[in-house]
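> Between the sequences and the hints, there should be enough to build the whole structure, so can you do that?
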Amino acid sequence: MIKGFKIKESTISKNNWEATKDRSAIIENDDITGYISQNENGTPILDGERLINDWFPDDSDKNIFISHAHKDAQLVENFASFLENKGAKPFVDFEIWGRCTELIKKINNEFNTVCGEKNTYYYSDALSISANIYIILVTALNKMISQCSTFIFIESDNSIKDDYTYSPWIMEELNTFNILYCNNRIEKRYLESAAYTNFNVAVSFKINDIISNLKEIEKQEDFYKIVESGEVYGE
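Take my numbering: the last position of the sequence shown gets the number 239, and nothing is skipped along the way.
Keep in mind the hints are simulated off the structure, nothing from the lab. Remember, predicted model here, so these are calculated numbers, not experimental data. Keep in mind that the hints are not guaranteed to be accurate.
Calculated lysine to any residue pairs in the SDA-like style (CA-CA distance at most 20 Å, straight line) [as the list claims (entries may be wrong)]:
(1) K66 to A144
(2) K10 to A135
(3) K229 to E88
Printed below as a string of structure tokens:
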């Protein structure tokens, strides 16, 4: 059974949990369009299975999944390095999502550019491309959560405000944790906006009930005890 923890951003910061050694490099693939082929009609085919296997391998030895806000990337990088120094093998999703944006752009540039226009794409096809890539990666991300023995949520002003998160990715990760291991009903609420800014729509999700299932780590000493006991690794 997976163990769930939550830890405040302030707890990480005040204890100076910073990298003391280089972490393993993420998978690099300069020719990311190598995942794309064409059928006899010229329709581009994305090899989703190969993409997942390369970025989220089944034989992954990761044992801690860290859920966090994108804006806390540096904080999480330091925290992940601290965990690795203690013998853990954390997984952080910001190592993957940046390349997702790159993949979507390259597919559009290769197959969906309006003739004679630079950086201009057919709208419906661009939406379809983005949707398919995100579905593939969200599926793989959920698979990674199920493979880890520990789930840690980084609680910060960027990840939760007044019991709500405004990140669909965080909600997806918490939702997966909840569905797989807690079996609780989830209440979702959507923020209604009277106006749009750059066609972005903010979506809110109430997550207090979900993160209440996570054991809070309040002190550095408490976390050291958990690490030393092996509890954080699911032992």
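> If you test the structure against every hint from before, which numbers come out violated?
2
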